[in-house]
Amino acid sequence: MLDNGKITANQYKMLVLLFTIGSSILVAPTALVNDAKQDAWIAIIFTVIISILLVLMYIKIYSIFPNMTLVEICELLLGKWIGKFAVALFLMYAFILSGELLREIGDFTTTQMMPDTPIDAIHIVFMGVVVMATLLGLEVIGRSSEIISLWLFILLAIYFIAILPQIKIGNLQPILGEGMKPILFGFYHFISLPYLELIVFLMIAPFVNHQKGAEKGFLVGVIIGGILLTFVVMFSILVLGVENTARQIYPSYALARKIEIGKFFQRVEVIMAGIWFLSIFYKLTISFYAFVLGLSQLFKIKDYRSITLPISMMLIVYAIAFHPNIVHFFEFVHNIWPLYSLTIGFLFPLILLGTALMKKRQRHVRGNR
Amino acid sequence: MWNIIGILFVSACIFIIEALLLLKHKLWKDFIVFIIFLFLGTGLSIARCINFPIPNPIELLTWIYQPLSEAVNKIFQ
Numbered sequence: 001m002l003d004n005g006k007i008t009a010n011q012y013k014m015l016v017l018l019f020t021i022g023s024s025i026l027v028a029p030t031a032l033v034n035d036a037k038q039d040a041w042i043a044i045i046f047t048v049i050i051s052i053l054l055v056l057m058y059i060k061i062y063s064i065f066p067n068m069t070l071v072e073i074c075e076l077l078l079g080k081w082i083g084k085f086a087v088a089l090f091l092m093y094a095f096i097l098s099g100e101l102l103r104e105i106g107d108f109t110t111t112q113m114m115p116d117t118p119i120d121a122i123h124i125v126f127m128g129v130v131v132m133a134t135l136l137g138l139e140v141i142g143r144s145s146e147i148i149s150l151w152l153f154i155l156l157a158i159y160f161i162a163i164l165p166q167i168k169i170g171n172l173q174p175i176l177g178e179g180m181k182p183i184l185f186g187f188y189h190f191i192s193l194p195y196l197e198l199i200v201f202l203m204i205a206p207f208v209n210h211q212k213g214a215e216k217g218f219l220v221g222v223i224i225g226g227i228l229l230t231f232v233v234m235f236s237i238l239v240l241g242v243e244n245t246a247r248q249i250y251p252s253y254a255l256a257r258k259i260e261i262g263k264f265f266q267r268v269e270v271i272m273a274g275i276w277f278l279s280i281f282y283k284l285t286i287s288f289y290a291f292v293l294g295l296s297q298l299f300k301i302k303d304y305r306s307i308t309l310p311i312s313m314m315l316i317v318y319a320i321a322f323h324p325n326i327v328h329f330f331e332f333v334h335n336i337w338p339l340y341s342l343t344i345g346f347l348f349p350l351i352l353l354g355t356a357l358m359k360k361r362q363r364h365v366r367g368n369r
Numbered sequence: 001m002w003n004i005i006g007i008l009f010v011s012a013c014i015f016i017i018e019a020l021l022l023l024k025h026k027l028w029k030d031f032i033v034f035i036i037f038l039f040l041g042t043g044l045s046i047a048r049c050i051n052f053p054i055p056n057p058i059e060l061l062t063w064i065y066q067p068l069s070e071a072v073n074k075i076f077q
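These protein sequence lines are chains R and A, in that order. Each step along the first sequence adds one to the number in this note's numbering, with nothing skipped, and position 278 is 278. Each step along the second sequence adds one to the number in this note's numbering, with nothing skipped, and position 73 is 73.
Honestly, the hints are just simulated from the structure, not real lab data. Be a bit skeptical, because a hint or two may be false.
Unchecked claim - Here are the simulated DSSO-like cross-link-like pairs (lysine-lysine), alpha carbons at most 30 Å apart as the crow flies:
#, chain 1, residue 1, chain 2, residue 2
1, R, 80, R, 359
2, A, 24, R, 6
3, A, 24, R, 302
4, R, 258, R, 168
5, A, 29, R, 84
Given these sequences and hints, build the entire structure.
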């Protein structure tokens, strides 16, 4: 095992929370409202409940192999060659996820905040911070997440309270006007965006110093994240309305522009940008860390730190090369990403869990003879 | 031209930072893997600078999942 340090259960919980809301907090309302119209809030509550079942499956895998990362579990259960192939598929997922997240940061910054800056410059600067965090190791990432999440909660509280006076309850009607189908479509998109990506946490779960705490932290982090996302989607519908939300690329950012208290406390959309930058930084760091660590375990090398810098060069290139423009990016996220996520985030762990339980039973039968 | 020189300079810096440490500890396997990825990273960066086409996994995924995605969209609409 590589020397990666240990994190506490509380730090793990905060990382799960930041990962869940990272990136989704800004873009989730548009996708959901496009699918489910004013029933988006039902769709999101439904998704959060189902996501608990999904996380229970991840926790089950973790509790069978509490000291192994996903890569090691794979090679143990599926044999050397099939195992390595499965690991390569998973690592490709982690790499594409990191690239998409980096691109999202670049797109947001160049369209909303710094229109004259080339997108590469933003990618390189942001990636510099992520590489620094990765080189410092998991312990530093975990400890900083505890400090950052306090600020995150303060900013979110300001955001939610300040938007309250703008609410119009009428925007929610009619409830269930178009039946269940749109809600299921919203569920299909929303479970793939933050929840199925949580599989990368199986790469860092073994570094939590307390097994029971890690299991509980995983579940609690996902539930709190789900509640926060539910609030954001609900406020988007209640304040902006269905039509307006569906037209925005970054609805939560547009929502923050609406904040106005007594002609004095206004133009505070940068609060939302701050929340989003903090949370997406952790999401990108965790998926990048999982990728680099997985790669070093695939090649069985001593330390992941030596390959971090070359990989970051590749990631900066691919963040641009993945998509020629933002429309292609949204088409991909809308049509292909849910299916790809379902394959890696649901089917793949299901196969692993099935194999693990079967092997356990075989050993049990053999032991009885 | 200048951006290629810049990329080579960055790669050289990364090489000096990491490779010397690996060689000092005689981690040969780590060194080989590191060199392979450094070449890949440098090559891809230069390919992007001169607009040389690079393999894109997104196109592969789109090709695999496109029929399924169309079927799913048809069910929901």
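Quick check: which numbered hints come out false for this structure? none
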